[in-house]
Amino acid sequence: MSKIKDLFESGKIKSAFIPYFTLGDPNYNDSIEFGKTILDNGADILELGIPFSDPVADGPVIQRAVARSLKNKFSFSEIFRVTKEIHLHKKDVPLVYLTYFNPIFHCGIEDFLNQAKDSGVVGLVIPDLPFDTKESEVLFQELRKRDMDLIHLVTPASTKKRIEALKKTSTGFIYYVTSFGVTGERREFSVDLKERIRFLKETIQLPICAGFGISTPDQAGQISGYADGIIIGSAIQRIIEENGHEFPKAKQALAEYIAKIRVAIP
Amino acid sequence: MGKNQPGYFGEFGGRYAPEILTEALEELESTYHKLKKSKKFKKELEFYLSNYVGRPSPLTFAERLTKHWGGARIWLKREDLNHTGAHKINNAIGQALIAKFMGKKRIIAETGAGQHGLATATVGAMFGMETVVYMGAVDVERQNLNAKKIEMLGAKILPVTAGEATLKEATSEAMRDWALNVSTTHYIVGSAIGPHPFPTIVRDLQAVIGKEARSQFKKQNHKLPHAIVACVGGGSNAIGMFHAFLKDKHVAIYGAEAGGLGPKPGEHSATLTYGKTGFLHGTKTLIIQDEAGQIVPAHSVSAGLDYPGVGPEHAFLSQTKRVDYRMVTDEQALDCFLEVTRIEGIIPALETAHAFHVARDVAKDLGKKKDLIICLSGRGDKDVTEVLRLLGEKSK
Numbered sequence: 001m002s003k004i005k006d007l008f009e010s011g012k013i014k015s016a017f018i019p020y021f022t023l024g025d026p027n028y029n030d031s032i033e034f035g036k037t038i039l040d041n042g043a044d045i046l047e048l049g050i051p052f053s054d055p056v057a058d059g060p061v062i063q064r065a066v067a068r069s070l071k072n073k074f075s076f077s078e079i080f081r082v083t084k085e086i087h088l089h090k091k092d093v094p095l096v097y098l099t100y101f102n103p104i105f106h107c108g109i110e111d112f113l114n115q116a117k118d119s120g121v122v123g124l125v126i127p128d129l130p131f132d133t134k135e136s137e138v139l140f141q142e143l144r145k146r147d148m149d150l151i152h153l154v155t156p157a158s159t160k161k162r163i164e165a166l167k168k169t170s171t172g173f174i175y176y177v178t179s180f181g182v183t184g185e186r187r188e189f190s191v192d193l194k195e196r197i198r199f200l201k202e203t204i205q206l207p208i209c210a211g212f213g214i215s216t217p218d219q220a221g222q223i224s225g226y227a228d229g230i231i232i233g234s235a236i237q238r239i240i241e242e243n244g245h246e247f248p249k250a251k252q253a254l255a256e257y258i259a260k261i262r263v264a265i266p
Numbered sequence: 001m002g003k004n005q006p007g008y009f010g011e012f013g014g015r016y017a018p019e020i021l022t023e024a025l026e027e028l029e030s031t032y033h034k035l036k037k038s039k040k041f042k043k044e045l046e047f048y049l050s051n052y053v054g055r056p057s058p059l060t061f062a063e064r065l066t067k068h069w070g071g072a073r074i075w076l077k078r079e080d081l082n083h084t085g086a087h088k089i090n091n092a093i094g095q096a097l098i099a100k101f102m103g104k105k106r107i108i109a110e111t112g113a114g115q116h117g118l119a120t121a122t123v124g125a126m127f128g129m130e131t132v133v134y135m136g137a138v139d140v141e142r143q144n145l146n147a148k149k150i151e152m153l154g155a156k157i158l159p160v161t162a163g164e165a166t167l168k169e170a171t172s173e174a175m176r177d178w179a180l181n182v183s184t185t186h187y188i189v190g191s192a193i194g195p196h197p198f199p200t201i202v203r204d205l206q207a208v209i210g211k212e213a214r215s216q217f218k219k220q221n222h223k224l225p226h227a228i229v230a231c232v233g234g235g236s237n238a239i240g241m242f243h244a245f246l247k248d249k250h251v252a253i254y255g256a257e258a259g260g261l262g263p264k265p266g267e268h269s270a271t272l273t274y275g276k277t278g279f280l281h282g283t284k285t286l287i288i289q290d291e292a293g294q295i296v297p298a299h300s301v302s303a304g305l306d307y308p309g310v311g312p313e314h315a316f317l318s319q320t321k322r323v324d325y326r327m328v329t330d331e332q333a334l335d336c337f338l339e340v341t342r343i344e345g346i347i348p349a350l351e352t353a354h355a356f357h358v359a360r361d362v363a364k365d366l367g368k369k370k371d372l373i374i375c376l377s378g379r380g381d382k383d384v385t386e387v388l389r390l391l392g393e394k395s396k
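One line per chain: the protein sequences are A and B, in this order.
Quick note, the first sequence lines up with residues 1 to 266 if you use full-length UniProt numbering.
Quick note, the second sequence lines up with residues 1 to 396 if you use full-length UniProt numbering.
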């Protein structure tokens with residue numbers, strides 16, 4: 001059974017807190033510490049971003065994080081080293097990677113998955129790889145062999161037909177994109193968010209976790225009332241951006257923010 | 001969508017876009033499928049092409065250039081004579097009509113040299129649609145005249161400062177805008193790139209270039225040319241020129257891509273020579289990337305060729321060797337820009353100057369009594385300031 005499935009079925013959590021940050025921002029070694037800090041203050045699943053030069057599904061905050069990260073020399077060995085360190089800090093927290101398909105394709109799907117698994121990663125989110133592509137099918141088969149999950153994105157624009165179709169190759173949880181556009185903090189969400197999540201829960205027999213735009217404890221508290229998990233990326237990345245040059249301050253701010261969100265989620 | 005389904009050219013193409021865009025891409029695909037067969041759409045498109053764009057564009061025999069180069073007879077397909085000065089308007093008009101049929105009130109575009117931005121702003125003005133153009137901040141600078149024209153036409157220019165601040169970043173930003181406003185907005189992709197159905201739509205709308213050139217040449221000469229040449233960035237004028245000739249096996253086809261300053265990564269935009277298979281901006285194609293799959297910034301003296309990817313159909317035509325793609329350096333393009341201007345009295349776009357360089361070699365190889373058509377994709381007024389600056393630098 002996948003580690004993510006295990007977590008949701010354990011009954012230990014009502015709604016999962018899934019923070020995201022980009023590896024290598026501002027450098028790889030600080031990333032290890034940021035990862036540990038986030039884990040210490042209450043992540044149920046941790047989403048690690050592998051930087052890609054052209055992140056079309058991301059808003060300005062994450063784009064800037066990626067650009068800062070890529071100023072360091074990018075290498076997969078560095079990515080896997082950092083991931084493993086974070087994993088060893090708290091082995092029971094599932095790690096997932098969020099990245100675009102090109103770097104994975106380039107690394108070679110099997111090679112990438114073997115090394116990702118060795119580093120403690122149990123699932124993948126790939127915003128630019130639709131489920132109905134040949135590459136997605138191959139990836140899904142390879143992930144299955146390794147008991148790893150392919151986490152699909154569903155959006156407010158996804159049709160019923162498409163949602164039905166993606167059930168076949170979806171595991172772990174569904175990443176529900178709360179609003180149109182790209183990642184980034186927002187004040188308001190679409191009015192039918194609650195209904196849409198309920199509909200998804202009924203249609204796909206997987207936990208539905210909401211992301212894109214959530215940043216405040218109030219929002220997290222409210223949405224976790226009906227979603228199985230809350231994903232927060234840009235708000236965390238902003239803390240790193242604003243304090244990353246002063247490492248202790250960044251760590252402190254990150255710890256406080258994560259703890260505040262953790263408390264807000266039941 | 002599998003490998004052998006529509007939207008693929010061999011292994012290249014497909015639809016690799018964020019999920020939020022899938023619905024819009026499917027709507028676009030089915031609308032276009034219907035419109036392609038609709039007499040009303042065809043009639044309307046033809047009306048605008050002949051009464052607004054100025055089609056058919058002439059096929060000019062370049063007598064002086066033929067003599068000067070001393071090889072094959074040179075013919076020019078004059079897309080520079082279109083309204084707004086380039087082939088880009090063929091596609092912009094067509095896609096604006098598709099947008100109108102879909103009930104979209106807002107159009108957006110990315111632009112490198114500014115010609116596609118200008119064409120989109122022009123059709124936006126003509127059809128009364130709200131228009132936003134994304135342009136790299138570096139390109140706003142080096143193609144300032146076009147940037148100013150776009151604004152004058154009532155479109156909004158949004159300079160993109162991320163990354164290298166050129167066409168690649170402008171394309172990413174336009175995709176993000178589309179994701180946010182997908183229900184009201186149509187994204188007029190300017191080249192034969194992007195997720196399916198864009199490469200097909202752009203190809204079909206630009207195919208008018210090759211269709212006209214083929215029949216004009218045949219009418220005048222009672223045969224087909226021996227070779228055709230076009231420049232390739234994303235590759236829209238080239239695929240438009242090539243398409244009607246692909247089945248004419250005895251017609252040799254050449255593409256000219258930007259060799260920039262040299263072969264090192266970051267110095268060129270020679271995707272078909274140095275690119276590797278990958279995924280960028282919604283399509284599987286050849287891309288200039290490093291050993292870890294990060295996209296390497298492209299360079300070309302011409303803003304319109306300055307893109308690290310290429311239309312998937314070109315990737316396929318290169319793989320199957322139907323088209324011979326060759327590199328042209330910044331310097332060679334600049335030389336041809338001046339040569340064609342002085343000899344033939346036509347100022348070509350810097351993009352097109354790349355095609356002229358390849359054509360010069362091909363014309364020599366073919367020898368006399370053979371015929372070669374060059375797609376003169378656009379005029380070079382927009383490049384005059386940049387060329388003068390570069391010449392100034394060279395003489396220092």
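It should be emphasised that the hints constitute simulated quantities derived from the structure, not laboratory data.
In this text, a Cβ means the ideal position worked out from N, Cα and C, and glycines have one as well.
It is possible that part of the hints are untrue.
Chain A is faced by these chain B residues, among others (derived, beta-carbon under 10 Å) [unchecked claim]: (1) Glu63; (2) Gly71; (3) Pro159; (4) His281; (5) Glu393.
Taking lysine-lysine pairs in the DSBU-like style, the calculated list, with each CA pair at most 30 Å apart, reads [claimed, not checked]: (6) A:Lys73 <-> B:Lys34; (7) B:Lys34 <-> A:Lys160; (8) B:Lys276 <-> A:Lys71; (9) A:Lys160 <-> B:Lys276; (10) B:Lys34 <-> A:Lys134; (11) A:Lys161 <-> B:Lys211; (12) A:Lys134 <-> B:Lys247.
Using C-beta positions, here's what the derived DEER-type ranges look like [said to hold, decoys possible]: (13) B:Gly266 <-> A:Ser77: 19 to 29 Å; (14) A:Asp192 <-> B:Asn51: 28 to 38 Å; (15) A:Asp192 <-> B:Ser38: 26 to 36 Å; (16) A:Lys249 <-> B:Tyr52: 58 to 68 Å; (17) B:Lys40 <-> A:Glu164: 30 to 40 Å; (18) A:Glu256 <-> B:Arg389: 49 to 59 Å; (19) A:Leu88 <-> B:Glu11: 51 to 61 Å; (20) A:Lys117 <-> B:Arg389: 46 to 56 Å; (21) B:Arg389 <-> A:Arg144: 50 to 60 Å; (22) B:Glu11 <-> A:Glu164: 23 to 33 Å; (23) B:Ser183 <-> A:Lys161: 12 to 22 Å.
Against the structure, the hints come out as follows:
no.	hint	verdict
1	Glu63	violated (46 Å)
2	Gly71	violated (42 Å)
3	Pro159	violated (14 Å)
4	His281	holds (7 Å)
5	Glu393	violated (29 Å)
6	A:Lys73 <-> B:Lys34	violated (49 Å)
7	B:Lys34 <-> A:Lys160	holds (23 Å)
8	B:Lys276 <-> A:Lys71	holds (23 Å)
9	A:Lys160 <-> B:Lys276	violated (36 Å)
10	B:Lys34 <-> A:Lys134	holds (27 Å)
11	A:Lys161 <-> B:Lys211	violated (40 Å)
12	A:Lys134 <-> B:Lys247	holds (29 Å)
13	B:Gly266 <-> A:Ser77: 19 to 29 Å	holds (23 Å)
14	A:Asp192 <-> B:Asn51: 28 to 38 Å	violated (46 Å)
15	A:Asp192 <-> B:Ser38: 26 to 36 Å	holds (35 Å)
16	A:Lys249 <-> B:Tyr52: 58 to 68 Å	holds (60 Å)
17	B:Lys40 <-> A:Glu164: 30 to 40 Å	holds (35 Å)
18	A:Glu256 <-> B:Arg389: 49 to 59 Å	holds (52 Å)
19	A:Leu88 <-> B:Glu11: 51 to 61 Å	violated (40 Å)
20	A:Lys117 <-> B:Arg389: 46 to 56 Å	holds (54 Å)
21	B:Arg389 <-> A:Arg144: 50 to 60 Å	holds (57 Å)
22	B:Glu11 <-> A:Glu164: 23 to 33 Å	holds (28 Å)
23	B:Ser183 <-> A:Lys161: 12 to 22 Å	holds (18 Å)
Hint compliance for this structure: hints 1, 2, 3, 5, 6, 9, 11, 14, 19 are broken, all remaining hints hold.
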